[in-house]
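Colleague: Turn these sequences into a full structure, and let the hints guide you.
Take a look at the letters that make up each chain.
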Amino acid sequence: MSDESYYVPHSSPYPAALAGALFLLVLGFILRINGHGVGIGFMAAGGAAAIYVVARWFGSVVAETQGGVFHPWEDRSFRWGMAWFIASEVMFFAAFFGTLFYLRNISVPALEQTELLWPGYQGGWPTSGPAGQPFTPMAAWGVPALNTLILLSSGVTVTWAHWGLLKNRRNQLIAGLALTVALGLAFLGFQAYEYRHAYTELGLTLGAGVYGATFFMLTGFHGLHVTIGAVALSAILGRAVKGHFTPEDHFGFEGAAWYWHFVDVVWLMLFVFVYWL
Amino acid sequence: MTTGELALHQAHAVPPRGWLRWLTTTNHKDIGTMYLVFSLAMFFVGGLMILLVRAELFRPGLQLMEPELFNQLIGVHALVMIFMALMPAATGFANWMIPLMIGAPDMALPRLNNWSFWLLPPAATLLLMPFVLALFGVGTGAVGTGWTLYAPLSVQDGMGMDFAIFAIHLLGISSVMGSINIIVTILNLRAPGMTLMKLPLFAWGWLLTAFMLVAVIPVLAGAVTMLLTDRHFGTHFFNAGGGGDPILFQHLFWFFGHPEVYIVLFPVWGFTPHILSAFARKPVYGYRAQVYAFWVIGVLSVIVWGHHIMTSGLSTAGLLYFMYSTMAISLPLSVLFFCWIATLWRGAMTFEAPMLFALGMIVLFGVGGLTGLVLADAAADAQYHHSYFVVAHFHYTLFAGGIMGIMAGAYFWLPKMTGHLYSEKLAQWHFWLTAVAFNLTFLPQFFLGLAGMPRRIPDYALQFADFNWVSSVGAFFLGAAQLLFLVNVVKCIRGGPPAGDKPWEGAQGLEWTLPSPPPRHTFQTRPVGE
Numbered sequence: 001m002s003d004e005s006y007y008v009p010h011s012s013p014y015p016a017a018l019a020g021a022l023f024l025l026v027l028g029f030i031l032r033i034n035g036h037g038v039g040i041g042f043m044a045a046g047g048a049a050a051i052y053v054v055a056r057w058f059g060s061v062v063a064e065t066q067g068g069v070f071h072p073w074e075d076r077s078f079r080w081g082m083a084w085f086i087a088s089e090v091m092f093f094a095a096f097f098g099t100l101f102y103l104r105n106i107s108v109p110a111l112e113q114t115e116l117l118w119p120g121y122q123g124g125w126p127t128s129g130p131a132g133q134p135f136t137p138m139a140a141w142g143v144p145a146l147n148t149l150i151l152l153s154s155g156v157t158v159t160w161a162h163w164g165l166l167k168n169r170r171n172q173l174i175a176g177l178a179l180t181v182a183l184g185l186a187f188l189g190f191q192a193y194e195y196r197h198a199y200t201e202l203g204l205t206l207g208a209g210v211y212g213a214t215f216f217m218l219t220g221f222h223g224l225h226v227t228i229g230a231v232a233l234s235a236i237l238g239r240a241v242k243g244h245f246t247p248e249d250h251f252g253f254e255g256a257a258w259y260w261h262f263v264d265v266v267w268l269m270l271f272v273f274v275y276w277l
Numbered sequence: 001m002t003t004g005e006l007a008l009h010q011a012h013a014v015p016p017r018g019w020l021r022w023l024t025t026t027n028h029k030d031i032g033t034m035y036l037v038f039s040l041a042m043f044f045v046g047g048l049m050i051l052l053v054r055a056e057l058f059r060p061g062l063q064l065m066e067p068e069l070f071n072q073l074i075g076v077h078a079l080v081m082i083f084m085a086l087m088p089a090a091t092g093f094a095n096w097m098i099p100l101m102i103g104a105p106d107m108a109l110p111r112l113n114n115w116s117f118w119l120l121p122p123a124a125t126l127l128l129m130p131f132v133l134a135l136f137g138v139g140t141g142a143v144g145t146g147w148t149l150y151a152p153l154s155v156q157d158g159m160g161m162d163f164a165i166f167a168i169h170l171l172g173i174s175s176v177m178g179s180i181n182i183i184v185t186i187l188n189l190r191a192p193g194m195t196l197m198k199l200p201l202f203a204w205g206w207l208l209t210a211f212m213l214v215a216v217i218p219v220l221a222g223a224v225t226m227l228l229t230d231r232h233f234g235t236h237f238f239n240a241g242g243g244g245d246p247i248l249f250q251h252l253f254w255f256f257g258h259p260e261v262y263i264v265l266f267p268v269w270g271f272t273p274h275i276l277s278a279f280a281r282k283p284v285y286g287y288r289a290q291v292y293a294f295w296v297i298g299v300l301s302v303i304v305w306g307h308h309i310m311t312s313g314l315s316t317a318g319l320l321y322f323m324y325s326t327m328a329i330s331l332p333l334s335v336l337f338f339c340w341i342a343t344l345w346r347g348a349m350t351f352e353a354p355m356l357f358a359l360g361m362i363v364l365f366g367v368g369g370l371t372g373l374v375l376a377d378a379a380a381d382a383q384y385h386h387s388y389f390v391v392a393h394f395h396y397t398l399f400a401g402g403i404m405g406i407m408a409g410a411y412f413w414l415p416k417m418t419g420h421l422y423s424e425k426l427a428q429w430h431f432w433l434t435a436v437a438f439n440l441t442f443l444p445q446f447f448l449g450l451a452g453m454p455r456r457i458p459d460y461a462l463q464f465a466d467f468n469w470v471s472s473v474g475a476f477f478l479g480a481a482q483l484l485f486l487v488n489v490v491k492c493i494r495g496g497p498p499a500g501d502k503p504w505e506g507a508q509g510l511e512w513t514l515p516s517p518p519p520r521h522t523f524q525t526r527p528v529g530e
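Order-wise, the sequence lines are chains F and V. Counting from 1, one number per residue, gives the positions in the first sequence under my numbering. Counting from 1, one number per residue, gives the positions in the second sequence under my numbering.
These are computed hints drawn from the structure, not numbers from a lab. A couple of the hints might just be wrong.
[What the hints assert, rightly or not] Here are some of the chain F residues that sit facing chain V, going by a computed Cβ distance under 10 Å:
id: 1; residue: N34
id: 2; residue: F96
id: 3; residue: G123
id: 4; residue: W141
id: 5; residue: R169
id: 6; residue: A208
[Claimed, not checked] Label-pair restraints from in silico Cβ distances:
id: 7; chain 1: F; residue 1: L166; chain 2: V; residue 2: G18; range: 47 to 55 Å
id: 8; chain 1: F; residue 1: V265; chain 2: V; residue 2: R288; range: 32 to 40 Å
id: 9; chain 1: V; residue 1: L514; chain 2: F; residue 2: R56; range: 33 to 41 Å
id: 10; chain 1: F; residue 1: G37; chain 2: V; residue 2: L62; range: 36 to 44 Å
[As the list claims (entries may be wrong)] Okay, the calculated bits of chain V under chain F, using three or more residues with CB under 8 Å as the criterion:
id: 11; stretch: 161-167
id: 12; stretch: 489-501
Glycine residues also receive a C-beta, built at the ideal position from the N, C-alpha and C atoms.
Modeller: Here it is, written out as structure tokens:
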């Protein structure tokens, strides 16, 4: 049966509802940042609706999975889909890394050499630019190094959980996933501490020139992705506890694990290019 | 419910009636139809905007509007035409035809497919809403920077810019999700025996389009996000005072913007050989060569963006690199042209509307391509940059290559999609009026550009008056001619002579073995491979 007919889901209200919810969310955000207080209401409604719809949408897919409607043919679609989604995410981060390299190697040195605009500007890296305020850059070998250790360990624990799943050791699966989520949350906690430290003690803010901008945008979007990954892994943990997944068939687990590894690799790049070098 | 029961339940589930059917559908033909209808509607919205612009440019001086509104109209015209008319039309054809061509039961991820479509109307609403809000005294109207959104102007622009940023985010999500769906469908849902090198060229063109979209749309999303934080959250990405650089935005934008040209054109070039082969009653010439040419152009497209910003202060080495790499694209492009002409060579040709539009596309896009070589020359570009020469050039590529190509596809597949033949007489009028009016509109713009008329300015010096007058008259004829298409499509949907399985004698491919219109579900069991 698996290679004879392909499962095409029947009509679903969730995609269009999600589009509508996102519309409200961004409309509210636009109004809010332009000083229209009513935007907050739109944002709350849109955000809540989006969360609800995504939960229902994924819930229906999980129900189908448990109902056994998916076969290796559909499974391959999910795998390809997730792989190409991660590829698009790679390009999103590439835009910000490219920006970092451009600013550091082209635009700051050019400003340094342009005597007319800001005579005496020293340039160099890190910098908050010729008109920026002084700040202290984030040191690599404190909290960031610890966070590197935490995320790398979480990559190990999620793989350990996968081994448990493959060998049908459910306790190892559940313990591994729980550890991974815990490490992810620890990472986010340390990052929150780091941001607070940067804002209150180092003078390192979003407005601290191109260093501050690239620092917070890169680490911030990474942190957002860690959050998404942690939510995904928590959902997988919940499903594992309920007895979902078999050693042969567990794309949901793998999709979340791939995403987690992707987030891990981005962090390594961040550690090297944002914090260390 | 057991597995078997669930599957049975799904197969026999009756889709909701009325508007709910369209809102909730997971059917590739429904979704393809929605894309095409949306695209046609936005084609007229974008067209009306530019007719207002051409009315203003009918003679020198400011007649109809303030310069601010003029700026908003040209920028939103471009965004609407590119993101909401051309791209959805190509995606609509992909939805309709790729599953039929490759023997797939549907698109690989049907719910994602529905989401990709339904992100478009909210995006269109966001982009156009500031025009309405301004009428009620909220904000200063839509985005006023032109579609390129260059900083620092875009950092200083009013609330319309924020609407445009988030419209682009929604459009981007839609494009990336649609692309993922098409890639997965082509890679995973082909009929047995259909190897990649037996894939119809339309599917190949779209596969490369989807690769490019996944590669460049996220970079645009990153760029407009930086714009947003520069505007509202105090960053200095594009501000030299903080060590940033406005030119950085141009690099990021054109890293997306140049491949975007091929994103719009590859689907058209994909089905062009299908049409040429059908109406020349000959097999496609040079299948492999065309596939390889798609790959070469696709790869080159992401490393040539600098030719859009040659006057922004690139280094000499950069200018030379971008000049030669851009000119290198003409080699694989010539391969495509050669294959198209060789497909026609000594064919038993007839000239129905799809063939006429395809030939019009080839000839007029050829003009666009050759004038692109002129602009790619770094020394010449210093003269032509930001002049009407550029406007004429990219309308020869995007209107002649894009829209006329899409029209060829529309006439080619309308009988298959509706089950009815369209009015050939009306279609012939549509083609000839379009071809003449198009050249009347845009050919004078080459000369205006050569004479030094800058683009994006609502007023101009007296010596440009005659050619602008001609161009404006042409534009109104061009717009009016498109109404014939609308009438023809509506008539074709409502009725007409039955099309039969294969309305075109010479057409090849799996889609022509199906009834017209095809049943709601096709290939529920896998077709037998060749």
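Colleague: Compare the structure with the hints numbered earlier in the document and write down the numbers of the violated ones, lowest to highest.
Modeller: The structure conflicts with hints 4, 5 and 12, although it agrees with all the remaining ones.
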